[in-house]
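Q: The listed protein sequences derive, respectively, from chains A and B. Residue numbers for the first sequence follow our numbering, so the first one is 1 and each next one is one higher. Residue numbers for the second sequence follow our numbering, so the first one is 528 and each next one is one higher.
The set of hints was computed from the structure by calculation and includes no laboratory data. Glycine is no exception: its CB is placed at the ideal position from the N, C-alpha and C atoms.
Chain A side only, calculated, beta carbon under 7 angstroms to chain B, not exhaustive:
| no. | residue |
| --- | --- |
| 1 | Met1 |
| 2 | Ala3 |
| 3 | Asp4 |
| 4 | Val6 |
| 5 | Val20 |
| 6 | Leu199 |
| 7 | Ala202 |
| 8 | Ile203 |
| 9 | Arg355 |
| 10 | Asn382 |
| 11 | Ile399 |
| 12 | Gly402 |
Footprint (simulated), chain A over chain B, 3 or more residues, beta carbon under 8 angstroms:
| no. | segment |
| --- | --- |
| 13 | 528-535 |
| 14 | 542-551 |
| 15 | 733-744 |
| 16 | 867-879 |
| 17 | 901-912 |
| 18 | 924-938 |
Protein chains: 2
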Amino acid sequence: MRADDVPLTPLNFLRRTADVFPDRVGLVEESGDSVTYRELHAHAARLADALRGSGVGSDDRVAVLAPNSLQLLAAHYGVPGAGAVLVALNTRLGPDEYAYILRHSKARVLVVHHLLADAVRSALADQPALQLVVEITDRDPTLPGATAYERWLNAAPAGPGLADPHAEQAPIAVNYTSGTTGKPKGVVYTHRGAYLNALGSAISFGLTAHSVYLWTLPMFHCNGWCYTWAVTAVGARHVGLLRPEPQAVLKALAEQAVTHFCAAPVVLNAIVNDPAARTAVLSHPVRVATGGAPPSPSTISRVRAMGIELTHLYGLTETYGPSLVCEPQDSWSEMDDEALAAAMARQGVRTLTVRDVRVVDAKLADVPSDGRSVGELAVRSNTVMAGYLDDEAATAAAIEDGWLLTGDLAVRHPDGYVQIHDRAKDIIITGGENVSSVEVENVLMSVPGVVDAAVVGRPDDKWGEVPVAFVTLAPGAAVQPDDLVAHVKSRLARFKAPKEIVFGDLPKTSTGKIQKNVLREAARRPR
Amino acid sequence: MRADDVPLTPLNFLRRTADVFPDRVGLVEESGDSVTYRELHAHAARLADALRGSGVGSDDRVAVLAPNSLQLLAAHYGVPGAGAVLVALNTRLGPDEYAYILRHSKARVLVVHHLLADAVRSALADQPALQLVVEITDRDPTLPGATAYERWLNAAPAGPGLADPHAEQAPIAVNYTSGTTGKPKGVVYTHRGAYLNALGSAISFGLTAHSVYLWTLPMFHCNGWCYTWAVTAVGARHVGLLRPEPQAVLKALAEQAVTHFCAAPVVLNAIVNDPAARTAVLSHPVRVATGGAPPSPSTISRVRAMGIELTHLYGLTETYGPSLVCEPQDSWSEMDDEALAAAMARQGVRTLTVRDVRVVDAKLADVPSDGRSVGELAVRSNTVMAGYLDDEAATAAAIEDGWLLTGDLAVRHPDGYVQIHDRAKDIIITGGENVSSVEVENVLMSVPGVVDAAVVGRPDDKWGEVPVAFVTLAPGAAVQPDDLVAHVKSRLARFKAPKEIVFGDLPKTSTGKIQKNVLREAARRPR
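Okay, chain A solo, but in the shape it has when bound:
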């Protein structure tokens, strides 16, 4: 028997940190309550035993619907520690979506935070696989037939606690895509992939045992880009946040001595545009990683003006979160603000644990690295999903010849950096010319007073499509449509300028992505 046949699993991160730093604070919740790593480990071990005691077995799915909390963090260890698979549910879905995901994942257990009980109530009917509903509450559960979480944990027979998976390729989590079109798909992560992505991210983001990580990013989003595991791996401190409101984030940065956080550009934008951000003084270095959509150059400049070091990441649910990182080059320190923001707005190069990324044509051949030739971004990595749960057709469509096809259209610059132009379906074709909606949005975002912008195509008899822009202004901003059109024309080819500007809030998915399908419908409607 060899001594080196050890499965790679993030369970070892919590085991080790609890052994080595038992008294270190592992998590501070927004309430101010905190737990040590010894307590976090004990909580996770009891959860594993409780699941076993409730009949949960190998590869069974366990759904958890909770904000960024002790219970959801513990579930990232307790659920796989019982051999089961975590389905961390998006907290902003509707009852039909919850019903679909519970049914599709065949979840045997659902753990619900009382703040979200009402959202899921009507989804609990007609769930043949669901055998147990547990409610996280200090009072009596309100969901029909539900057990109170603490009572359930305490009543569990003592068992082995966190147990190794039967293989490192065993599933650890299923994350459902937000599905801007079609039904959500269940993306399967493995223990091995999660372990490797966590180690790579810890190195890339510079996490150490003295880091303090703020949970602005939802833990349900790609398991918090695997930082649920990475932060624990290095023995750093998790800081919980129920909702990433700008003022709460700014308060936590200062009061909890936060060193690292992650946020989608839409959240980051709200933070840097908050009046309190102008006077916020950070007494220590802070790094933020952003991704999910490209940050506009103006967002990049404002973050840097606050003294926060920004890392731009790209990833998707199918890649455990980040698979590209915009690594700063030594020579960039000599760039002016505008050039630097343009360089940093690119998605960049493969992360440490990714085997390779390519920009390919329809025959899987590389397009030239000329910054102009558009192809589809493809990824090969231990941190690519094992597949879509119970959906061989969708898996076969997404993975070709060992490469995950992301559906994102990109160019590769001569320096090797990848830049996403658009989702394949978001590109606008006008008069036979491709218009990158992202490019036009970035120009619009650079106008003072513009908080958010989205550009979509509207069918047009003459041009095929024409660009239409939806723009959110800051309160009191006096920006006219003609100003914006003129600004775009001064910076880009004239055919890229929007033919119409519509002011107002932008519709977003539960993960903060702009719903371009909704805007496309709106653009067709006569005004």
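With chain A fixed as given, assemble chain B onto it according to the hints.
A: Same frame as chain A, now just chain B:
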């Protein structure tokens, strides 16, 4: 076909860093010559092609005898990149040892630096497997039948360069033990183990893309504790050093802006005791990792007094280098110097990528964590050797029930920290009491003027064994034997005090370990 069946291999570290940071300096040699990462990758790829062109195939061994140089660093990628297995030879062996290792490893190719050609000359006879000798030299090779390195590389037919291993469990290197007794054994490392140890060490040692790593530790020693791969992984800079002379180290620390280095205590001791160390001022943070033997509390104090942050590691060839690390606890910042040095002299806790370490009795049961009960240290990890090359009996003796038995005797303290008392064969038993030679050595080392100390047992009719100390003094130090004996008695149980003190230099192995077997012989001789 899945997109996530990617073998873990350190080859990906060089590929990625060369892609992402092609113009960054990868290595500065002591001569001042430097190569970029693009050049280092190209060198390694040419080496792989040259090996293939010379008939080297899958799992064939390629031996390299060279100081810390471009060629040896490149061999850590070029040899496995050809599917072959690197045997990095200790530069301080004798001809018989080289002859044995070349024969035992069945090396097909030997690459020799001209500085070491004479040392290996007589070992080349009667090597049936050896088909090619390549000499790294600017002149004509002096070894019989040898080819000049650059000429060989340049003549190689273009090929695939660095190719993935057939499996991540494939061997990447064989490292021969220094063998204080018996023949050297060939310890087999895998691509997977090397990859994981490198990532874990990068996190543990705080390596970033801006780190500068000084090669005081020989690359032939456990492949430089896997830092040959870890430094490249993060895109940091290697700084070469032909010999770790104290003044050369101090010069490099200052002039090359070194941030990290590793050194055995004997080397570290020489550095901190060098007169130049007293006036050395470091303008930037420096971290040193030490291991291979426990640093004495006085060495720890002196390193810290220089403003260098010290990390104490423990490992052995069979664990790819480090498998324990003395993680500092937050509470240690309140300790006084003596208490801190005592805490840091312990070997510590398992490293991030190690599954577990235990201190066990003969039946593999854990001894109590009381700081007193002595057992054998056992390790289970992906970073434990696959086995000894062509030596099933030795492998079976070393690995029991999935645990590597290290042969080191240790206690576990109540805080979980492991402290090595001795190699099993180095413990002294006097009057039925166990005496830890390390404990007595540390007390001797705390006396001003003492540079090095080793304690061994001498057979004794009355007591079974009695302790005898061999001590090296600093030039001009006026320390008397009685002073030392009295000092030990003032700090430890009287039976632990040496019955004799012998002044002089200590015999060391080629890796800097004190040869206690030689001292035991010397202790028996009448004086």
